[in-house]
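Please model the entire structure based on the sequences and the hints provided.
Protein sequence lines correspond, in order, to chains A and B.
In terms of this note's numbering, the first sequence opens at residue 14 and continues consecutively.
In terms of this note's numbering, the second sequence opens at residue 14 and continues consecutively.
Worth flagging that the hints you see were computed from the coordinates, not collected in a lab.
Calculated cross-link-like contacts (lysine-lysine; reagent style DSS-like; alpha-carbon spacing at most 25 Å):
hint, chain 1, residue 1, chain 2, residue 2
1, A, K439, B, K258
2, B, K217, A, K26
3, A, K114, B, K357
4, A, K114, B, K114
5, A, K357, B, K168
6, A, K36, B, K218
7, B, K133, B, K116
8, A, K36, B, K54
9, B, K445, A, K95
10, B, K218, A, K357
11, A, K445, B, K300
12, A, K26, B, K54
13, A, K54, B, K30
14, B, K439, A, K300
15, B, K114, A, K357
Please read all numbers here as calculations on a predicted model, not as lab measurements.
If you want the building blocks of each chain, they are given just below.
2 protein chains.
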Amino acid sequence: MKILDTHTCEFDKEFAKILERGKMDMGEVSSIVQSILEEIKNEGFGALQRHIARFDKWEAKSLQDLQISQTQCAKAYDDLPKDLKKALHLAYDRIYAFHQKQKQQTWIDCEENGTILGSKITPMERAGLYIPGGKAAYPSSLLMNAIPAIVAGVKEIIVCSPAPHNELNPLLLAALHLCNITEAYKVGGASAIGLMAYGVEGVKKADVITGPGNIFVACAKKLVFGEVNIDMVAGPSEIAIIADKSANPQYVAYDLLSQAEHDEMASSILISDDMELIKNVQTKIEKILPTMPRFAISEQSIKNRSIFIYTRHLQESIEIANALAVEHLEILTQAPFDVLPYIKHAGAIFLGEYSSEPIGDYLAGPNHTLPTGGSARFFSPLGVEHFTKRSSIISFSAQAIRQMGESCAILAECESLHAHAQAVLKRLDSIKE
Amino acid sequence: MKILDTHTCEFDKEFAKILERGKMDMGEVSSIVQSILEEIKNEGFGALQRHIARFDKWEAKSLQDLQISQTQCAKAYDDLPKDLKKALHLAYDRIYAFHQKQKQQTWIDCEENGTILGSKITPMERAGLYIPGGKAAYPSSLLMNAIPAIVAGVKEIIVCSPAPHNELNPLLLAALHLCNITEAYKVGGASAIGLMAYGVEGVKKADVITGPGNIFVACAKKLVFGEVNIDMVAGPSEIAIIADKSANPQYVAYDLLSQAEHDEMASSILISDDMELIKNVQTKIEKILPTMPRFAISEQSIKNRSIFIYTRHLQESIEIANALAVEHLEILTQAPFDVLPYIKHAGAIFLGEYSSEPIGDYLAGPNHTLPTGGSARFFSPLGVEHFTKRSSIISFSAQAIRQMGESCAILAECESLHAHAQAVLKRLDSIKE
Chain A
14 MKILDTHTCE
24 FDKEFAKILE
34 RGKMDMGEVS
44 SIVQSILEEI
54 KNEGFGALQR
64 HIARFDKWEA
74 KSLQDLQISQ
84 TQCAKAYDDL
94 PKDLKKALHL
104 AYDRIYAFHQ
114 KQKQQTWIDC
124 EENGTILGSK
134 ITPMERAGLY
144 IPGGKAAYPS
154 SLLMNAIPAI
164 VAGVKEIIVC
174 SPAPHNELNP
184 LLLAALHLCN
194 ITEAYKVGGA
204 SAIGLMAYGV
214 EGVKKADVIT
224 GPGNIFVACA
234 KKLVFGEVNI
244 DMVAGPSEIA
254 IIADKSANPQ
264 YVAYDLLSQA
274 EHDEMASSIL
284 ISDDMELIKN
294 VQTKIEKILP
304 TMPRFAISEQ
314 SIKNRSIFIY
324 TRHLQESIEI
334 ANALAVEHLE
344 ILTQAPFDVL
354 PYIKHAGAIF
364 LGEYSSEPIG
374 DYLAGPNHTL
384 PTGGSARFFS
394 PLGVEHFTKR
404 SSIISFSAQA
414 IRQMGESCAI
424 LAECESLHAH
434 AQAVLKRLDS
444 IKE
Chain B
14 MKILDTHTCE
24 FDKEFAKILE
34 RGKMDMGEVS
44 SIVQSILEEI
54 KNEGFGALQR
64 HIARFDKWEA
74 KSLQDLQISQ
84 TQCAKAYDDL
94 PKDLKKALHL
104 AYDRIYAFHQ
114 KQKQQTWIDC
124 EENGTILGSK
134 ITPMERAGLY
144 IPGGKAAYPS
154 SLLMNAIPAI
164 VAGVKEIIVC
174 SPAPHNELNP
184 LLLAALHLCN
194 ITEAYKVGGA
204 SAIGLMAYGV
214 EGVKKADVIT
224 GPGNIFVACA
234 KKLVFGEVNI
244 DMVAGPSEIA
254 IIADKSANPQ
264 YVAYDLLSQA
274 EHDEMASSIL
284 ISDDMELIKN
294 VQTKIEKILP
304 TMPRFAISEQ
314 SIKNRSIFIY
324 TRHLQESIEI
334 ANALAVEHLE
344 ILTQAPFDVL
354 PYIKHAGAIF
364 LGEYSSEPIG
374 DYLAGPNHTL
384 PTGGSARFFS
394 PLGVEHFTKR
404 SSIISFSAQA
414 IRQMGESCAI
424 LAECESLHAH
434 AQAVLKRLDS
444 IKE
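As structure tokens, then:
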């Protein structure tokens with residue numbers, strides 16, 4: 014891992030490159046994904062069938078063939094080792110409890126003139142969750158996507174996950190049972206996004222599509238945005254750690270490595286005003302890295318996408334973290350809550366030495382589906398609000414029309430919208446009469 | 014206006030067409046917009062200059078030439094007729110008051126084991142507002158886009174609006190002054206979206222872009238989504254009115270016509286279980302339409318995009334409104350609040366005879382930037398939340414690690430993420446020691 018030093022004049026140039034880390038070049042991918050989506054839209058199941066044969070290497074004979082059996086899910090759940098079952102339930106309960114607190118309420122406000130204004134919150138009717146799969150299974154991703162939808166009150170939740178060679182990981186099946194998902198399909202990649210966005214024969218289109226995925230999935234989600242809503246466009250996972258001399262180098266090393274093991278493209282960034290800590294973390298990483306089962310992936314990530322940033326002082330570390338706007342930000346300083354008010358942009362903020370990032374991945378409670386690549390400047394973690402929407406409520410009274418009708422008509426006329434003005438003035442006339 | 018009758022067997026087929034009204038074929042537009050965006054991205058001001066010469070027919074010599082002068086805005090404001098100034102202020106104050114109520118708070122929740130979880134709300138740093146322009150001016154659109162950003166606490170708000178022949182409508186200038194916008198550019202269409210999404214020389218990129226526009230603007234917003242956030246992808250304006258026999262046909266006619274005068278593509282839909290009302294509204298519209306200053310536009314909209322739907326009963330009217338998921342929904346029934354709980358999808362719901370839709374366009378308070386074409390199923394009205402984002406807060410305690418560290422490690426191992434497990438287990442070890 015390279016050390017960038019803010020004290021040097023090359024820093025700005027080097028740092029600018031890191032700020033560009035989130036750029037996803039969808040150029041080539043985009044045209045491939047566009048054709049996959051169009052095939053699904055125009056041909057329906059036939060296209061799905063073809064894509065599954067090509068990418069997942071099995072023959073699906075009918076839509077029913079694609080459905081994940083509930084019996085199979087129940088069995089997988091029953092077969093779970095006791096401690097894993099307990100852990101999954103603990104995660105479920107904590108994620109559920111946290112998301113309950115996010116739930117927005119319908120409200121109205123009454124004015125003295127008899128007018129009522131407000132905001133009505135309704136769940137989306139049908140949500141499509143994409144869960145990456147294959148050999149690795151991410152039951153935690155299912156929990157993190159399904160629970161906010163459940164809390165929101167979404168009635169129809171469907172799940173798509175790829176099943177290479179028509180095989181599914183039992184952990185995902187168990188998690189489907191735990192979340193009481195009754196409609197799930199063995200479809201992956203851009204085809205899955207197409208299936209959920211457009212609907213295919215018996216499968217109705219969704220209102221919102223959420224969930225992580227590779228660049229094909231991210232690109233497909235972006236392309237169908239507008240036909241459905243989506244949570245965000247996300248890229249590779251990343252962490253930044255603001256640490257001072259009080260930080261435990263072993264913890265820092267493991268937290269950086271947990272990010273690195275996700276993906277060759279994952280970024281792990283340590284920001285510290287203490288060179289001794291940086292050196293110690295470096296030594297630890299060099300020592301631990303070769304012992305990791307996912308060494309090949311982690312090594313690539315550490316070598317090409319990870320960095321130490323040596324700063325002048327804590328304040329500068331904070332500025333750099335804000336400029337990076339990372340997905341996961343750990344604050345390993347003597348008084349982490351003193352830093353919190355100054356953090357402007359981060360998907361999730363982990364405070365103090367026990368708030369290891371993996372805790373947030375599994376069972377702290379907040380969502381682990383987070384904005385990446387600097388998009389924490391404008392995207393939020395997945396939440397209940399991604400599965401609800403607002404409608405404004407306007408009940409204007411006769412008295413309010415008497416007070417404001419004239420002004421409203423003036424504004425309409427100044428925009429040359431005569432019928433708008435008349436619609437209001439006719440009401441005003443009837444009250445005056 | 015055609016009458017569709019739910020009692021007939023052709024209804025489903027005809028209605029299916031109306032459900033498709035929101036489909037925007039961006040096919041051809043998309044490649045044009047893509048090139049405009051790429052030119053802005055690669056060439057910066059040079060491309061802007063060219064597009065302005067081509068579309069707005071004037072020569073901009075420098076970026077400064079594009080800036081709208083604050084002195085000019087102040088003067089336009091000072092020159093406003095007294096009653097219009099009063100009306101603009103009334104609108105401003107009411108919109109501000111309503112959006113204040115939307116503001117979300119940062120919160121934390123403390124657990125007995127010492128853990129703190131929460132959600133930190135921060136404003137976006139830089140918002141770009143697109144305001145359509147040209148001959149017609151929409152000062153109301155500026156208010157509706159700027160005020161939620163102001164309430165959210167956005168520090169840098171920039172505005173783009175086209176200035177054909179380098180001329181701007183004084184009402185927009187006055188509104189810029191009223192909203193205290195100090196950075197505004199005479200750039201329109203896809204170029205404006207490119208300018209705000211990528212930044213050009215001295216103009217920094219925005220974090221979020223909001224505001225209405227034609228299909229080029231909508232398409233450009235969709236294409237830059239992910240690089241920045243956007244409010245929604247919106248199409249032509251529309252209204253549906255659920256009315257029973259208690260409704261005043263004149264009010265219904267004017268409200269339908271106010272929608273029709275916006276745009277040839279606007280839709281006005283009356284849903285009623287009372288054929289007499291439908292006939293009366295039809296007669297009124299035929300009488301009023303030719304007297305409208307925007308007759309040419311309104312006639313096209315009424316002829317091609319508007320419809321009466323005759324239903325069996327109020328319940329069916331509600332079902333149809335939910336299926337349509339329109340931008341503006343008026344409820345002109347004897348007891349409109351009895352209907353409210355059953356409305357699932359609508360951008361804004363107007364209840365009762367005095368809640369004429371134009372009231373919501375100008376000064377009721379709720380936002381007039383609303384989801385169209387059925388997207389109220391999943392998009393919300395523009396609001397303060399479009400200018401803020403959340404960060405999760407996670408402060409796990411030693412006691413919490415003792416209680417849950419083991420379970421977390423089990424979950425990490427089941428996903429084959431060994432470093433994740435170790436990161437937590439090392440903490441657990443240190444507590445046990």
